[in-house]
Amino acid sequence: MARAATTQRKALNTALAWLIGFLIFFPILWTILTSFKTEAQAIASPPIFLNFDWTLENYSVVQERSDYMRFLWNSIILAGGSTILGTMIAIPAAWSMAFVPSKRTKDILLWMLSTKMLPAVGVLYPIYLLFIQLGLLDSRAGLVIVLMLINLPIIVWMLYTYFREIPGEILEAARMDGATLKEEILYVLTPMAIPGIASTLLLNFILAWNEAFWTLNLTAVDAAPLTAFIASYSSPEGLFFAKLSAASTMAIAPILILGWFSQKQLVRGLTFGAVK
Amino acid sequence: MKLSNALRAATALSVMTTGAAFADTITIATVNNGDMIRMQGYTDDFTAKTGHDVEWVTLEENVLRQRVTTDITTKGGAFDIMTIGMYETPIWGANGWLVPLDNLSAEYDAGDILPAMAGGLSHEGTLYAAPFYGESSMIMYRTDLMEKAGMQMPDAPTWDFIREAAAAMTDRDNEINGICLRGKAGWGEGGAFITAMSNSFGARWFDMEWNAQFDTDAWANTLNFYKGMMDESGPAGYATNGFNENLSLFQQGKCGMWIDATVAASFVTNPSDSTVADSVGFALAPDTGLGKRSNWLWAWALAIPAGTQKQDAATQFIEWATSKDYIELVAAKEGWANVPPGARTSLYENENYKSVPFAQMTLDSILSADPNNSTVEPSPYVGIQFAAIPEFAGIATEVSQEFSAAYAGQQSVEEALAKAQAITNDAMEAAGYR
Numbered sequence: 001m002a003r004a005a006t007t008q009r010k011a012l013n014t015a016l017a018w019l020i021g022f023l024i025f026f027p028i029l030w031t032i033l034t035s036f037k038t039e040a041q042a043i044a045s046p047p048i049f050l051n052f053d054w055t056l057e058n059y060s061v062v063q064e065r066s067d068y069m070r071f072l073w074n075s076i077i078l079a080g081g082s083t084i085l086g087t088m089i090a091i092p093a094a095w096s097m098a099f100v101p102s103k104r105t106k107d108i109l110l111w112m113l114s115t116k117m118l119p120a121v122g123v124l125y126p127i128y129l130l131f132i133q134l135g136l137l138d139s140r141a142g143l144v145i146v147l148m149l150i151n152l153p154i155i156v157w158m159l160y161t162y163f164r165e166i167p168g169e170i171l172e173a174a175r176m177d178g179a180t181l182k183e184e185i186l187y188v189l190t191p192m193a194i195p196g197i198a199s200t201l202l203l204n205f206i207l208a209w210n211e212a213f214w215t216l217n218l219t220a221v222d223a224a225p226l227t228a229f230i231a232s233y234s235s236p237e238g239l240f241f242a243k244l245s246a247a248s249t250m251a252i253a254p255i256l257i258l259g260w261f262s263q264k265q266l267v268r269g270l271t272f273g274a275v276k
Numbered sequence: 001m002k003l004s005n006a007l008r009a010a011t012a013l014s015v016m017t018t019g020a021a022f023a024d025t026i027t028i029a030t031v032n033n034g035d036m037i038r039m040q041g042y043t044d045d046f047t048a049k050t051g052h053d054v055e056w057v058t059l060e061e062n063v064l065r066q067r068v069t070t071d072i073t074t075k076g077g078a079f080d081i082m083t084i085g086m087y088e089t090p091i092w093g094a095n096g097w098l099v100p101l102d103n104l105s106a107e108y109d110a111g112d113i114l115p116a117m118a119g120g121l122s123h124e125g126t127l128y129a130a131p132f133y134g135e136s137s138m139i140m141y142r143t144d145l146m147e148k149a150g151m152q153m154p155d156a157p158t159w160d161f162i163r164e165a166a167a168a169m170t171d172r173d174n175e176i177n178g179i180c181l182r183g184k185a186g187w188g189e190g191g192a193f194i195t196a197m198s199n200s201f202g203a204r205w206f207d208m209e210w211n212a213q214f215d216t217d218a219w220a221n222t223l224n225f226y227k228g229m230m231d232e233s234g235p236a237g238y239a240t241n242g243f244n245e246n247l248s249l250f251q252q253g254k255c256g257m258w259i260d261a262t263v264a265a266s267f268v269t270n271p272s273d274s275t276v277a278d279s280v281g282f283a284l285a286p287d288t289g290l291g292k293r294s295n296w297l298w299a300w301a302l303a304i305p306a307g308t309q310k311q312d313a314a315t316q317f318i319e320w321a322t323s324k325d326y327i328e329l330v331a332a333k334e335g336w337a338n339v340p341p342g343a344r345t346s347l348y349e350n351e352n353y354k355s356v357p358f359a360q361m362t363l364d365s366i367l368s369a370d371p372n373n374s375t376v377e378p379s380p381y382v383g384i385q386f387a388a389i390p391e392f393a394g395i396a397t398e399v400s401q402e403f404s405a406a407y408a409g410q411q412s413v414e415e416a417l418a419k420a421q422a423i424t425n426d427a428m429e430a431a432g433y434r
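Chains as they are written, first to last, in the UniProt record's numbering: chain A, 1 to 276; chain B, 1 to 434.
These aren't lab readings, by the way, just hints derived from the structure by calculation.
All C-beta atoms in this analysis are idealised placements derived from N, C-alpha and C, irrespective of residue type, glycine included.
Just to be clear, a hint being listed does not mean it is correct.
To be clear about the criterion: a stretch of chain A counts as covered by chain B if any three or more of its residues have a C-beta under 8 Å from a C-beta of chain B, and this derived list gives those stretches [unchecked claim]:
hint: 1; region: 18-26
hint: 2; region: 42-50
Which stretches of chain B does chain A cover? Using the computed rule of at least three CB atoms under 8 Å from a CB of chain A, they are [as the list claims (entries may be wrong)]:
hint: 3; region: 61-69
hint: 4; region: 85-95
hint: 5; region: 251-263
Extracted from the complex, chain A is given alone in its bound form (with noise of 0.2 Å):
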């Protein structure tokens, strides 16, 4: 009876967890039945959920329209560039703060957490003119450094949450065999912190990808990602949500195929040291 019980709790339980999935999922596959309809089908009402006439037309458009390469390759470098700097700089810092904490580590956390409390609207002018002054408008380098100080503080606290759970008798072990700081860093603890530090590459990357204040305000031509990409296909004056659609799917499908693909490694991560 028991056993019935759980069985039907469980199935119950795998069902709930799908329809929650699918719910979630939902925007995303709309997005994409949309970039196949024509911009009639788009707002047709009631919807049409897969009963119409699939057309590829959108994306010829989106394609004959804009050089999407060029915003791909500048999305792939601005999110690869800022998490690449950002971890460089992220993983001494928490270990220092994990490992050789001070009375004001946490202090020192929480002030920079606080950075991402600021609209950035409100910093916008002073970066913009910084940004001319130092001939950074429209540059993927001053993106790329614009993208990881504004990710640092959250690749700080997930390496250094991650970081605590690693005993630190263990390092101190290296360093009584005669390692190095460098090589404690590099060959003890970052291959330990593997799942970690790979899920916190793989957040950063993302919210890097999606951004889209910093990118719309300091590009123009050179630049431009894919969030200037889809914003060139929104307009409040005009009906062209099957275009935008198609934009939209063809700007998030590489950051899903590489979530896709990497997804255990991010649950493994996100969940690390979850369970005491």
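Given the structure of chain A, go ahead and fit chain B onto it with the hints provided.
Structure of chain B alone, referenced to chain A:
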């Protein structure tokens, strides 16, 4: 012999270098709408004529506004041409942020620009942006539903007639709403509509001392009339409907009437997108007999930011894009219904264009709008659906949020107006107007 060869080579090199120096690449920030996208497709024609290349930065309207405002106020220099509207042009022109367009060629024929457009894009008589296309607002209505209701739309109806017709056309069982109007918060969305409507009810934003006027009967009448009519005959959730939502409803045959931008006429009469394309009529925006109609005036225009290093190429582009030749080019390739409307007088004198069903009503609507004299009682500002002062966009966004909350039933009309009065007076006091 050797000397003459050397001279020839030097001359050739000099000509080539000069040619290269003249061939610029200009960067243009523009808005994503049908006419602008069409223009991008014809860029090759401009390049072939002038040798200049063009890089486009196309953005959604609100993003574009923020982007170009940031750039011009900081002298960022990211763009050589900016697409801006009637609200920004006189303010930016007065601040010296734009290059005056007072040196356009004789062939361009600047005198052919519709006077209402030229006036709205000028400051103290100097043109600062050339209109690419212009629009007013008008009534678009279903001729079949009007006939079924046993009514006939006058060319220049009153608001009372519109309310009566809307009620008669409403058929909730068949999902037909008598009237669809903007209610969405935002100064360029529902804010623009209600401001233009209020002009016809004798309301104004400010008196001559810049005091807010939301505590007047004229504003109460405007809002009560709007909400009463929309509750009776409007679509569900009209408080969140903007241009696109109403366009979608109208194209699917779910609106009896729609009062909105004249450019929408080409969308609702296009059989490939609209299910009611063959039964759409047009009329002037309504009034209440006080001498002002409820139509607005707007233009998307091309301007050159002061400080650009490519002023000559930018001027050449503006002359090309807003010329009579460009209109001819589009007409030849895509038909007269697709040419950018509302910018040039000569377009409305063209016999081919006269056969376009909405051409005359668009012109009549534009000609009946006067940004310098938009209210029944005198007002200190220029503009019909806006007041051309820098503070307006922020104030009107907040005010329109209060109005939308009243439409949605979250507060009463009286509460919304009281809040609008306080918001506006506080902001104007802080800005030093009062």
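Verification of the supplied hints:
1. Residues of the region 18-26 of chain A lying with their CB closer than 8 Å to a CB of chain B number 0, which falls below the three-residue condition for coverage.
2. By the rule of at least three residues with a Cβ nearer than 8 Å to a Cβ of chain B, the coverage given for the region 42-50 of chain A holds, with 3 such residues.
3. Three residues within the 8 Å Cβ limit are the bar, and the region 61-69 of chain B against chain A gives 5, so the coverage statement holds.
4. Counting residues of the region 85-95 of chain B whose C-beta lies closer than 8 Å to any C-beta of chain A gives 0; at least three are required, and the coverage claim is violated.
5. For the region 251-263 of chain B, the assignment as covered by chain A holds, since 5 residues bring a beta-carbon within under 8 Å of that chain's beta-carbons and 3 suffice.
Going down the numbered hints, you'll see the structure goes against 1, 4, while the others check out.
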